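Given only the sequences and the hints, what does the whole structure look like? Please build it.
There are 2 protein chains.
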Amino acid sequence: MLTNNHKKLVKSLLQKKQRDIHSCFVAEGPKVIGEFIQAGFRLQHLFSTDMSLFAEENTIQVNEKELKAMSYLTSPNACLAVFAIPTEKRLPDSGLKVALDAIRDPGNLGTIIRLCDWFGVTQLLCSSDTVDCYNPKVVQATMGSLARVDIQYLDLKAYLADTKLPVYGAFMDGESVYKHALPEDGILVMGNEANGIGSDIEEWVTKRISIPRFGELQETESLNVATAAAIILSEFKRATI
Amino acid sequence: MLTNNHKKLVKSLLQKKQRDIHSCFVAEGPKVIGEFIQAGFRLQHLFSTDMSLFAEENTIQVNEKELKAMSYLTSPNACLAVFAIPTEKRLPDSGLKVALDAIRDPGNLGTIIRLCDWFGVTQLLCSSDTVDCYNPKVVQATMGSLARVDIQYLDLKAYLADTKLPVYGAFMDGESVYKHALPEDGILVMGNEANGIGSDIEEWVTKRISIPRFGELQETESLNVATAAAIILSEFKRATI
Chain F
1 MLTNNHKKLV
11 KSLLQKKQRD
21 IHSCFVAEGP
31 KVIGEFIQAG
41 FRLQHLFSTD
51 MSLFAEENTI
61 QVNEKELKAM
71 SYLTSPNACL
81 AVFAIPTEKR
91 LPDSGLKVAL
101 DAIRDPGNLG
111 TIIRLCDWFG
121 VTQLLCSSDT
131 VDCYNPKVVQ
141 ATMGSLARVD
151 IQYLDLKAYL
161 ADTKLPVYGA
171 FMDGESVYKH
181 ALPEDGILVM
191 GNEANGIGSD
201 IEEWVTKRIS
211 IPRFGELQET
221 ESLNVATAAA
231 IILSEFKRAT
241 I
Chain R
1 MLTNNHKKLV
11 KSLLQKKQRD
21 IHSCFVAEGP
31 KVIGEFIQAG
41 FRLQHLFSTD
51 MSLFAEENTI
61 QVNEKELKAM
71 SYLTSPNACL
81 AVFAIPTEKR
91 LPDSGLKVAL
101 DAIRDPGNLG
111 TIIRLCDWFG
121 VTQLLCSSDT
131 VDCYNPKVVQ
141 ATMGSLARVD
151 IQYLDLKAYL
161 ADTKLPVYGA
171 FMDGESVYKH
181 ALPEDGILVM
191 GNEANGIGSD
201 IEEWVTKRIS
211 IPRFGELQET
221 ESLNVATAAA
231 IILSEFKRAT
241 I
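If you're matching them up, the sequences are chains F and R in order.
Quick note: the first sequence uses the numbering used here, first residue 1, plus one each step.
Quick note: the second sequence uses the numbering used here, first residue 1, plus one each step.
Any given hint could be a false lead.
With a Cα cut of at most 30 angstroms, we get these calculated DSSO-like pairs of lysine-lysine [unchecked claim]: (1) LYS137/F x LYS179/R; (2) LYS179/R x LYS207/F; (3) LYS137/F x LYS16/R; (4) LYS68/R x LYS137/F; (5) LYS7/R x LYS31/F; (6) LYS179/F x LYS65/F; (7) LYS137/R x LYS65/R; (8) LYS137/F x LYS16/F; (9) LYS17/F x LYS7/F; (10) LYS179/F x LYS137/F; (11) LYS65/F x LYS8/F; (12) LYS7/R x LYS179/F; (13) LYS137/R x LYS68/F; (14) LYS16/F x LYS137/R; (15) LYS17/R x LYS137/R; (16) LYS179/F x LYS207/R; (17) LYS65/F x LYS17/F; (18) LYS17/R x LYS7/R; (19) LYS8/F x LYS207/F; (20) LYS137/R x LYS137/F; (21) LYS179/R x LYS137/R.
Quick caveat, the hints were computed from the structure, so don't treat them as lab data.
Values in this document were obtained by computation on a predicted structure and should not be read as measured data.
Structure, rendered in structure tokens:
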């Protein structure tokens, strides 16, 4: 049965602080919830208006009004789940990794997680000031990809200082990504929406790359960070086939 | 001097119908406005809290409160301008063009316009049910790129039926974009966020292409349309260098 404690918990999980305390997050809708279940995330609570959606025991039936009161979405979608945040895995020092330096927009983070999933990048490193990947906007934007990418928040500078892998960074003045031989193992750093890669991180970048601009006027300031990540990841991966 | 008619006009231009009637649109902030002026867009009204920003005659000084009342933004940025919508140019049948079939999200359209500008694609064709490019969210998201890309709304099916150019379409089951020889002249069709390319448009696609998926699990459903456009445009352009 739905209790006031359930309602309070769900409401509190809008805040990162509360997600950290409870070590859980909210996902909504049959598709997104289904992907997390399939990926082995531990389900703590499932509230649903339709008991036939999932075979999970302990599903709590709610009515439309109750769901609407709990939902973070303007149009709630049949069910809402609370999942445990997985404990962090240790990162093996091989393969291609993406590292984000202070990405602030949940939509950009969501798009980059989806891209990592598409291109088989299973490890995403985030500087500690990057937006939280369990932010509800990120969870919904990733369409389940969040369940298939291992995301770690860490001291990015310390990590890069310590790694043996080549560190690629996207800069306006870098070498053309089309002409550079790209390796199978490495770290690709993408910088903040407004300021790019910070100078403390830039120090550890070993290869500066850029996406050539083709417009005649050469006035386009920059590409959106998620768009740039898409093009560079595509280049890394096409080099492996 | 700021009049009630000015205020009414700006407010009315939030609606596409009114933008069509008045044949003008709103842009905000020194950077975005500056790019439209530089690109030769005809300025109809300029309201500014800071008379030193632009050398335009007839600039109307407003105070912060007046600007806030007119602005579409939650944080108004010094100035707001009304520009005339340029009359449509005729499309030469060469070069690379992008065609959009029923793109609905202003953010996606804005990102695609910015991409066209970056990759030197000066012609963007939109089906008549694609979101309006003078929608305020699109204008602000393009960061001035809107001023450098020629955008036409048209009967996309009729246009494609009539063109002599090869028509490329992005589908899940297409040939790998990495392995296909891509031409300098052609049309790249990108489809709606939820439904992809409609069957009436698909009929006129001569080359089906796709972006290979690298994830082991092969469960990622699809890439966002703007992300997919970024990767495919990058492939078309890298083939020309």
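Structure versus earlier hints, numbers of those that do not hold, lowest first: As far as the earlier hints go, 1, 5, 6, 10, 12, 19 and 21 are violated by this structure, in ascending order.
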